[in-house]
Amino acid sequence: WCWTANSRNALGALRLHGAIAVWRGSDRRARGLSCRCWRSADRGFDSCNRNIQPNPHPESERIFVPAISTNDLKNGVSLNIDNTLYTVVEFQHVKPGKGGAFVRTKLRNLRTGNMLERTFNAGIKVEQAILDKRDMQFLYKDGDDYVFMDNVTYDQLTIKPVALGDAADYLIENAVAMIASYGDEIVSVEIPPSVELEIAFTEPGMQGDRVSGARKPATLQTGKVIQVPLFVNIGDRVKVDTRTAEYVTRV
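The numbering used here applies: residue 260 is where the sequence shown begins, and numbers increase by one.
Calculated directly from the structure, the hints in this document are not laboratory data. Take the hints with a grain of salt, since some may be wrong.
[Said to hold, decoys possible] Pairs of lysine-lysine, BS3-like flavour, derived with a Cα cap of 30 Å: (1) LYS400 x LYS384; (2) LYS498 x LYS384; (3) LYS392 x LYS357; (4) LYS365 x LYS419; (5) LYS384 x LYS365; (6) LYS419 x LYS498; (7) LYS475 x LYS392; (8) LYS483 x LYS400.
[Stated by the list, open to error] Quick list of the computed label-pair ranges, beta carbon to beta carbon: (9) PRO355 x GLY494: 55 to 61 Å; (10) VAL435 x GLY494: 23 to 29 Å; (11) LEU398 x THR478: 34 to 40 Å; (12) LYS333 x VAL507: 26 to 32 Å; (13) ALA381 x VAL435: 37 to 43 Å; (14) ARG502 x ASP391: 22 to 28 Å; (15) ARG377 x GLU449: 20 to 26 Å.
Glycine included, every Cβ here is placed at the ideal spot set by N, Cα and C.
All chains, full assembly: derive it from the sequences and hints.
As structure tokens, then:
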């Protein structure tokens, strides 16, 4: 039997021509195995020493890529296609009268936000991107960077503005966002579909203009400029749709 120690120091056994082989050291990158053989009455072994090269692709070093069938695609599933991360926004299973079935999808690039329409044959395997998603609380700005805290572990994470995208326009202290990462890369920051923010500056409000539909620019406490009705004043709190940057109502 050949006993080998993998990276987790767990032992595995491999029959090796009736000899006993011991891996010298627990480093899985060791160059060889040192074997000792003993005489056996029933097998007739002589004492010997030999070097045996380990499997160049041990199971502990194999890379398992998560895959998903196109038949199981649904909204919110993340995919790795040609080293680009996408999330499924829409999908439709199509079974034409002639030819094979297929799945028509609309995908959103997690890094750029661009939309892509792509069709897959039904039943094929595609690589699934397993994202680490965590609720994190925005603490403060450190220069241009944003510092968040994990609500469970209390670990702090600094995120560049480019990774936040438009979400940075609506972040105030203690706001909670869903941070999604792939490996060491922040790929998306999700905030609620609407937030309540204070008007930091706008021209003086005008009474009697509630139904006119007229709009004026207003600067939110985060620095984002939106269009609001004429009756909105400095210090008012308004609800804003973070998906469209549109005023919803005064609160």
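Hints, verified against the model:
1. Restraint check for LYS400 and LYS384: the C-alpha separation of about 42 Å exceeds 30 Å, so the hint is violated.
2. Distance restraint check for LYS498 and LYS384: the Cα-Cα separation of roughly 43 Å exceeds the 30 Å cut-off, and the hinted pair is therefore not satisfied.
3. Taking the CA atoms of LYS392 and LYS357, the gap is near 42 Å; set against the 30 Å cutoff, the hint is violated.
4. Our distance criterion of 30 Å between C-alpha atoms is met by LYS365 and LYS419, whose separation comes to about 28 Å.
5. With a C-alpha separation of about 17 Å, the suggested pair LYS384 and LYS365 falls inside the 30 Å cut-off, and the hint holds.
6. For the hint linking LYS419 to LYS498, the alpha-carbon distance of about 26 Å falls within 30 Å, and the restraint holds.
7. Between the alpha carbons of LYS475 and LYS392 the distance comes to roughly 38 Å, so the proposed pair goes past 30 Å and is violated.
8. Taking the CA atoms of LYS483 and LYS400, the gap is near 16 Å; set against the 30 Å cutoff, the hint holds.
9. With their beta carbons about 60 Å apart, PRO355 and GLY494 fall inside the hinted range of 55 to 61 Å.
10. Roughly 24 Å separates the CB atoms of VAL435 and GLY494, a value that falls within the hinted 23 to 29 Å.
11. A beta carbon spacing of about 23 Å between LEU398 and THR478 contradicts the range 34 to 40 Å that was offered as a hint.
12. Between LYS333 and VAL507 the beta carbons are some 29 Å apart, a value that agrees with the proposed interval 26 to 32 Å.
13. Taken as a hint, the range 37 to 43 Å holds for the pair ALA381 and VAL435, whose Cβ atoms sit roughly 39 Å apart.
14. Distance hint for ARG502 and ASP391: a CB-CB separation of about 24 Å, consistent with the stated range 22 to 28 Å.
15. Under the hint 20 to 26 Å, the C-beta atoms of ARG377 and GLU449, about 23 Å apart, fit the expected range.
Going through the hint list in order, the structure does not satisfy hints 1, 2, 3, 7 and 11.
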